[in-house]
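**Q** Heads up: the sequence lines are chains U and V, in that order. Each residue of the first sequence is one higher than the one before, counting from 1 in this note's numbering. Each residue of the second sequence is one higher than the one before, counting from 276 in this note's numbering.
Read the hints as simulated data drawn from the structure, not as lab findings. All values derive from a computational prediction rather than experimental measurement. By construction, the Cβ of each residue, glycine as well, lies at the ideal position given by its N, Cα and C atoms. Possibly wrong hints are sitting among the right ones.
Just the calculated beta-carbon pair ranges, DEER-fashion [what the hints assert, rightly or not]:
id, chain 1, residue 1, chain 2, residue 2, range
1, U, 175, V, 323, 31 to 39 Å
2, U, 95, V, 593, 53 to 61 Å
3, U, 175, V, 423, 54 to 62 Å
4, U, 103, V, 425, 34 to 42 Å
5, U, 45, V, 416, 55 to 63 Å
6, V, 425, U, 45, 48 to 56 Å
7, U, 95, V, 452, 33 to 41 Å
8, V, 624, U, 175, 32 to 40 Å
9, V, 663, U, 217, 40 to 48 Å
10, U, 87, V, 459, 42 to 50 Å
11, U, 45, V, 458, 42 to 50 Å
12, U, 179, V, 437, 36 to 44 Å
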Amino acid sequence: MNDGQTIQYTGWDDDTRAVGHMRTPGLDISHKVILYLEDISVSFDGFKALNNLNLTIDAGELRCIIGPNGAGKTTMMDVITGKTRPDTGTCYFGQTIDLTGMTEPEIAHAGIGRKFQKPTVFENHTVFENLELAMKTDKRALSSLFARLDDVGRDKIADTLRLIRLDKEAQRQAGLLSHGQKQWLEIGMLLMQEPQLLLLDEPVAGMTDDETERTGELFKSLAGKHSLVVVEHDMAFIEQLGGKVTVLHEGSVLAEGDLATVQADPRVVEVYLGR
Amino acid sequence: MHPHPQPFSRLREKGAEPIRVIADMRTPFLIRFLNSLPRSGWIALALFAAVTLVLLPVLHVYVPHEHPLHVSNYVITLGGKVMCYAIVAVAMDLIWGYAGILSLGHGVFFALGGYAFGMYLMRQIGTDGSYHSHLPDFMVFLDWKELPWYWAGSDSFLWALVLVLVAPALLAYTFGYFAFRSRIKGVYFSIITQALTYAAMLFFFRNETGFGGNNGFTDFKRILGYDITSPEMRSILFALSALMLMATLLLGRWLMTSKFGRVLTAIRDAESRVMFMGYNPLHYKLFIWTLSAVLCSIAGALYVPQVGIINPSEMSPANSIEIAIWTAVGGRATLIGPVIGAALVNLSKSYFTVAFPEYWLFFLGALFVGVTLWLPEGVVGLWKRMKQKATA
């Protein structure tokens, strides 16, 4: 359904519709850096999943992370989102928010959204409800008891439905969607959270070429206002995104730079092809 | 583009589940409440109310015994009992069917409510007991001279009601807080709840605990001074059980059509996704867990005056497992299913235990295996499948 129209993220971040909009409180990106990982190490039963990992992500950046299986890409996301506590090292969101002592919901509230490798949507809920649950709002139990969807929220959901091209499927059960549609729905859920930093684990796995290209354009339109970290294996997709590339290997950074430089690096070639 | 896009609820296909309706913010509360059930649901509820609140009590109290339309003591007591069980089954469904947490210790909350109200009933006996003492008989038997401190206020009806609500809530909240905070899930949680009810049973078995040991409480005489065995009192208790059952169903419906309910089922289906979206499952689980315990307790308090006895066997692990069976037989994650399940299993129980007493447990076991194998969605699931086939 690529009708050639430009894909632009026409969300609710514009000032014309500021009602109900919430900026992440306390996020300080005065040094133009949104995420600092310093000397992070994680080991599972003696296996070093992350080994003195150092990584910084600039505010508004679109960063791609590549690396062979077991390089620590998913563990890195687990550390950032609070699922795994690092053995050593610090992890800062902006200048002030220390992520290592926070729980998963707290980190989500601070403004970090995550898309899982395997698309995880709520299969028994409708597409509409999936987006409704993800929407940035008061997420405490008592508030949910009396929560009502207002027009602003309804508009946001309608916008997102159009953006992820699921407006015809709004009342369908999410479990009945195709694999690619589920990927899109999860991306939509991430956008509903209005995060400052998006972590995307293999977002285009299982998508058609057409869907992949559209996803790439969407991510490019998100960059600037949001910061994105994309873990991918699809080199064509990474080339399309065109951002800085970081290569992970055995739990630490092996190389960093634009895709061409990284691909020419003999150490990277060795890691990918073997001796 | 329209400034106000059409509400999605209006785009629903015909015949879609009404639970998906997202009511408009401007809709008045009463309309929203009425919309929470389809028309057929309200009609069924009204019929149920007419039968249980008017028809059966009138036939019991005002129609003479010899008349063929007279409703006997047996029917009223059995009906009241089954409705109490149905409340428990719905409470179980809230936590198991909707939140995915299987408790195999719900009997403890049911029994706690029974004991809390039973204390009041024991005090209402006054000096009419076998020993004509102002103390309950079992205390005289133990040669106790005065009431233990925790029996203070037990002669007050209001205090009994407070105890029925607060005691199980405290236990459930404390237990749930530590279990859910430690992220204990699945079969581990079920085993711990079995241990909880077993420990409570052993505790109540002790004579020194002060709740009548293995005999528990019995020989009740009065509630608020009125004879507990009179047809009027039986009818009132029967009607109260029916009212409570209807209230529980409506509360469950309201909860599960709210955003709270949608988050709860989301936690059941993909808990980590919910956490990464910024919800803390702890509070959601704690709320529904504590509410479920309190509902069980209220059912227990209504049950004890109708059957006339409460003893620690209500806390036996097997009883709690039976509660799960009622819910599974009826159909999890449907509100009407557990009611049907509780009625079906208990009515066949009262038939079997008279006709073939030694085979009841075999039948119960076979029922559970059969439902698990062939009816994973219970009786309601079967009904839905048959309806689909008929329309297809």
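**Q** Work down the list of hints and note, for each, if the structure agrees.
**A** How the hints compare with the structure:
Judged by the Cβ atoms, the range 31 to 39 Å given for residue 175 (chain U) and residue 323 (chain V) holds: they are separated by roughly 34 Å. Between residue 95 (chain U) and residue 593 (chain V) the Cβ separation comes to about 59 Å, which falls inside the hinted range of 53 to 61 Å. The supplied range of 54 to 62 Å is met by residue 175 (chain U) and residue 423 (chain V), whose beta-carbon atoms lie about 56 Å from each other. The given range of 34 to 42 Å is respected by residue 103 (chain U) and residue 425 (chain V), whose C-beta atoms sit roughly 38 Å from each other.
Between residue 45 (chain U) and residue 416 (chain V) the CB atoms are about 60 Å apart, so this pair conforms to the stated range of 55 to 63 Å. Roughly 50 Å separates the CB atoms of residue 425 (chain V) and residue 45 (chain U), a value that falls within the hinted 48 to 56 Å. Distance hint check for residue 95 (chain U) and residue 452 (chain V): the Cβ-Cβ separation is about 35 Å, which falls inside the suggested range of 33 to 41 Å. The given range of 32 to 40 Å is respected by residue 624 (chain V) and residue 175 (chain U), whose C-beta atoms sit roughly 37 Å from each other.
For residue 663 (chain V) and residue 217 (chain U), the Cβ-Cβ distance of about 42 Å falls inside the hinted range of 40 to 48 Å, so the restraint holds. Checking the proposed 42 to 50 Å range against residue 87 (chain U) and residue 459 (chain V) shows it is violated: the Cβ atoms sit about 25 Å from each other. Between residue 45 (chain U) and residue 458 (chain V) the beta carbons are some 20 Å apart, a value that contradicts the proposed interval 42 to 50 Å. The hint said 36 to 44 Å for the Cβ distance between residue 179 (chain U) and residue 437 (chain V), and at roughly 55 Å that hint is violated.
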